[in-house]
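J.: Take a look at the letters that make up each chain.
Number of protein chains: 2
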Amino acid sequence: MTVVEKKQTAERLSESLAEVQRLIELHHERDERAAAANVLQELEQRLQSLHPADIAYILEALPLDERLLVWERVKSQQDGDILLEVSDAVRETLIESMEPDELVAAARQLDTDELADLAGDLPRQVVYEVMGELDEAEREQLQSALSYPEGSIGALMDFELVKIRADVSCEVVLRYLRRFDELPHQTDKIFVLDAQEVLCGVLPLRSLLVADPEQMVSEVMATEVVSFQPEDEARDAALAFERYDLVSAPVVDERGALIGRLTVDEMVDVMREESDSEVLNLAGLKEEEDLFAPVVDSVKNRWSWLAINLCTAFVASRVIGAFEHSINQLVALAALMPIVAGIGGNSGNQTITMIVRALAMGQMQIGQAWRLWRKELGVSIINGLVWGGAIGLIAWALYGRLSLGLVMLAAMTLNLMLAATMGVLIPSLMQKLGRDPALGSSVLITACTDSGGFFIFLGLATLFLL
Amino acid sequence: MTVVEKKQTAERLSESLAEVQRLIELHHERDERAAAANVLQELEQRLQSLHPADIAYILEALPLDERLLVWERVKSQQDGDILLEVSDAVRETLIESMEPDELVAAARQLDTDELADLAGDLPRQVVYEVMGELDEAEREQLQSALSYPEGSIGALMDFELVKIRADVSCEVVLRYLRRFDELPHQTDKIFVLDAQEVLCGVLPLRSLLVADPEQMVSEVMATEVVSFQPEDEARDAALAFERYDLVSAPVVDERGALIGRLTVDEMVDVMREESDSEVLNLAGLKEEEDLFAPVVDSVKNRWSWLAINLCTAFVASRVIGAFEHSINQLVALAALMPIVAGIGGNSGNQTITMIVRALAMGQMQIGQAWRLWRKELGVSIINGLVWGGAIGLIAWALYGRLSLGLVMLAAMTLNLMLAATMGVLIPSLMQKLGRDPALGSSVLITACTDSGGFFIFLGLATLFLL
Chain A
1 MTVVEKKQTA
11 ERLSESLAEV
21 QRLIELHHER
31 DERAAAANVL
41 QELEQRLQSL
51 HPADIAYILE
61 ALPLDERLLV
71 WERVKSQQDG
81 DILLEVSDAV
91 RETLIESMEP
101 DELVAAARQL
111 DTDELADLAG
121 DLPRQVVYEV
131 MGELDEAERE
141 QLQSALSYPE
151 GSIGALMDFE
161 LVKIRADVSC
171 EVVLRYLRRF
181 DELPHQTDKI
191 FVLDAQEVLC
201 GVLPLRSLLV
211 ADPEQMVSEV
221 MATEVVSFQP
231 EDEARDAALA
241 FERYDLVSAP
251 VVDERGALIG
261 RLTVDEMVDV
271 MREESDSEVL
281 NLAGLKEEED
291 LFAPVVDSVK
301 NRWSWLAINL
311 CTAFVASRVI
321 GAFEHSINQL
331 VALAALMPIV
341 AGIGGNSGNQ
351 TITMIVRALA
361 MGQMQIGQAW
371 RLWRKELGVS
381 IINGLVWGGA
391 IGLIAWALYG
401 RLSLGLVMLA
411 AMTLNLMLAA
421 TMGVLIPSLM
431 QKLGRDPALG
441 SSVLITACTD
451 SGGFFIFLGL
461 ATLFLL
Chain B
1 MTVVEKKQTA
11 ERLSESLAEV
21 QRLIELHHER
31 DERAAAANVL
41 QELEQRLQSL
51 HPADIAYILE
61 ALPLDERLLV
71 WERVKSQQDG
81 DILLEVSDAV
91 RETLIESMEP
101 DELVAAARQL
111 DTDELADLAG
121 DLPRQVVYEV
131 MGELDEAERE
141 QLQSALSYPE
151 GSIGALMDFE
161 LVKIRADVSC
171 EVVLRYLRRF
181 DELPHQTDKI
191 FVLDAQEVLC
201 GVLPLRSLLV
211 ADPEQMVSEV
221 MATEVVSFQP
231 EDEARDAALA
241 FERYDLVSAP
251 VVDERGALIG
261 RLTVDEMVDV
271 MREESDSEVL
281 NLAGLKEEED
291 LFAPVVDSVK
301 NRWSWLAINL
311 CTAFVASRVI
321 GAFEHSINQL
331 VALAALMPIV
341 AGIGGNSGNQ
351 TITMIVRALA
361 MGQMQIGQAW
371 RLWRKELGVS
381 IINGLVWGGA
391 IGLIAWALYG
401 RLSLGLVMLA
411 AMTLNLMLAA
421 TMGVLIPSLM
431 QKLGRDPALG
441 SSVLITACTD
451 SGGFFIFLGL
461 ATLFLL
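Chains A and B supply the protein sequences, listed in that same order.
Every letter in the first sequence is one number past the one before it in my numbering, and letter 30, counting from 1, is 30.
Every letter in the second sequence is one number past the one before it in my numbering, and letter 347, counting from 1, is 347.
No lab work stands behind these hints: they were computed from the structure.
The reader is advised that the hints may include incorrect statements.
Unchecked claim - Covered stretches of chain A (chain B as the covering partner; in silico rule of three or more C-beta atoms under 8 Å from a C-beta of chain B):
1. 49-59
2. 67-81
3. 236-249
4. 285-295
5. 386-394
Unchecked claim - Far from chain B by the CB rule (all over 12 Å, computed), these chain A residues:
6. L26
7. A35
8. V39
9. L40
10. S97
11. G132
12. E133
13. D135
14. E140
15. Y148
16. H185
17. L402
18. G459
19. L463
Nothing here was measured: the structure is a model prediction, and the numbers come from that model.
Where a beta carbon is used, it is the ideal one built from N, C-alpha and C, also for glycine.
Next comes chain A alone, as it looks inside the complex:
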């Protein structure tokens, strides 16, 4: 009886990581050469039992020097697959450590679509050398994959297709399939083409397997097919995979000829990248960072958002500067103003997140902005009266001036209304201008509610309190 692995969850993976770290430490401690070599051999064995994706995970979790030590041990076997799995930041460090001939060897193991993914990160010399070894069909595939921009379906499709004609029996198809050494990964359907190579249907394996062998493919195949064109956006395809529970789907050109296919594993990666960049952008990070990147690299990655933030903070500071005279007369204003700005920022971020998501999922049409604005305004007025009232009472109690509390109430309500307005307006405008409504939305709304909040509060105070 063979043994089945019971579990391959996060727990197990971090055990592997801990084991690798223990071995590396052991290696560093051994002064004696032979003993150190022994440990390295154990490490190598340990690594050999792991899936390329697991090794990629371990490489990501190690600081640079330890990462390269591990990479030395594994790169001769599965380096191509591992390079595909690691993040861009870590891939760079690995490729830097490799000799050109090692890179050529790694690239040779890859399919053309995988090679296309990696080509941008490899030295040009290496790409040319590997390209020279491809046959004509492969070279065409590679060039086609390279010709589509990042983020398009064309850049993600692969070319491992099983194609059949509609006018054969299922029996013939089964016999045809048996001639393969193996079917391409993630094959859940076979593509049915007519004489002009135009896609006329798909034959899901689950239909093929239950069909009577005598039946013709044309009777069994599905003709309602979700298909894509290479120029379309990958994120739209990922949404379609999610919506229709697809495992693979054909990519066709304008006349319907089959040119490639998409698989769910690629789409899962697209979804992951989309949501990652959403979170990273919200936090003001340009892209995924290598956790152990040199300080300089991290500074570069975080630079641009900090600079933007600083500019908006400076504007807010000048707004306050314009009211220095008022603050001088009533210093309580300085203590209370961050509350007005803060709650506006929080509430505005809530609104803008809702709207950006609805726009991204295509659930909100620009025509509905008016309706949603009224709703958000309603929410903000309620929140303003409740929270503004509470803080107004506290301000009254603290500083003993009812009028100060009333100004606080009014300013908070008005700033929340501003937040609601800008929260609907900014993403709608961005969308209308053809920009990505998510990018920088958090920074923009906070800029509005900070400067706006200071202006409203200090302005009202100047009018009514001084």
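Based on these hints, arrange chain B on the given structure of chain A.
T.: Coordinates of chain B only, in the frame set by chain A:
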């Protein structure tokens, strides 16, 4: 020649939505009864051609009254599937509009695992009635699925399994499969069990199809199987699906007996929910909101984070209050202090996002916190000197006091260092205490950098400038 649908992307879907909206408007405009009924019929036809997931999408994008109008037209056919597809918030509105007998009819269409998903939202009476109609095996499955907590693998697995023995030939398997009307959706492998129902391998369809029919299953099957246990967390399973490019995977109990399976479409939904709740939490929203929810519902959803934000803003306000005397003497402090607090918040959010993500992906061990802290400190010192220097110069130019510029430089550097420290410390502590490090991380770090920033800046100013 049958026609193949060429495209089913976002564009197409929003066309359907626009068409539905046009028909609804037309319906509202028609005073005459017969004409209105005609339009409704057209609407119904239009809807019938759509996939349940597409109808779900349209329902999400419509305001409540229009949503219920559409729901009336579709609910008799695919209501069960549609209810599964819509978000929790929208599902509630749909279920509210249905009679108990309609709900029973809808629930009857579902598999036991789908029924389990929906059970929490259905009136108890309806669940009992449907349960009474299940056979014993189904009832057991339902109870088992309901017994696992939300977010566990047990709550997500389904029971549509194709099981075979290892000691038969592939020919026999092929014949056995032909007796099915159809194979379960997302079937990419068949589960191989021994006499004790213990999983001893899986037979991928892609291996079965290329195998010699004479070969025994035991020779063809894969014995290294990624399998899960029902108590494990769904998010770990989703990561494993992503890492190993799985389409389906077995769920087994402690002794290895097969009890269910996971499929990639469920895992994609888990990934989506995970990343959604990450973004929503960052923005201070408790959960996904129905875009057209009544104002009161929205207020409730946003209430808790606003309250927390208000408390932290109030603390920051009291920190400033403690320095009112200093501000009174040098009012420029009031204008400059938000810059110090703001850049600290931005930088702290960058750090904490990095750390939270690394912890969530299992790429950071608590033991590395020390090392990462030193790195983040390095980043913050560089940023502090650069940006603090720039703003210090501007402050010097604006207010004509070199010492004010120097205090600005020092305060910004110190606050960035505080941000880096708390950005590493907070999530590491949360993780050590067994809490979710993501929850509230943004609010906590901003609270630290606001109050801390005001304290550092006003404290330094009080010491050196007054």
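J.: So, for every hint listed, does it hold in this structure?
T.: Going down the list of hints, with the structure as the test:
1. 49-59: With 4 residues in contact (Cβ-Cβ under 8 Å with chain B), the coverage given for the stretch 49-59 of chain A holds.
2. 67-81: violated (count 0)
3. 236-249: With 10 residues in contact (Cβ-Cβ under 8 Å with chain B), the coverage given for the stretch 236-249 of chain A holds.
4. 285-295: holds (count 5)
5. 386-394: This one holds; 4 residues, not fewer than the three required, reach chain B with a Cβ under 8 Å.
6. L26: Non-interface label stands for L26 of chain A: nearest chain B Cβ at 16 Å, farther than 12 Å.
7. A35: 24 Å, holds
8. V39: At roughly 20 Å from the nearest Cβ of chain B, V39 of chain A sits farther out than 12 Å, so the non-interface label holds.
9. L40: Fine: 22 Å to the nearest Cβ keeps L40 of chain A off the interface.
10. S97: 20 Å, holds
11. G132: 30 Å, holds
12. E133: 27 Å, holds
13. D135: 23 Å, holds
14. E140: 23 Å, holds
15. Y148: Correct as stated: the minimum Cβ-Cβ distance to chain B is 16 Å, above 12 Å.
16. H185: Since the minimum Cβ distance to chain B is about 7 Å, H185 of chain A lies within 12 Å and the statement is violated.
17. L402: Non-interface label stands for L402 of chain A: nearest chain B Cβ at 19 Å, farther than 12 Å.
18. G459: Its Cβ never comes within 12 Å of chain B, the nearest being 15 Å, so this holds.
19. L463: Answer for L463 of chain A: holds, closest chain B Cβ roughly 19 Å.
Checked against the numbered hints listed earlier, the structure breaks hints 2, 16; every other hint is satisfied.
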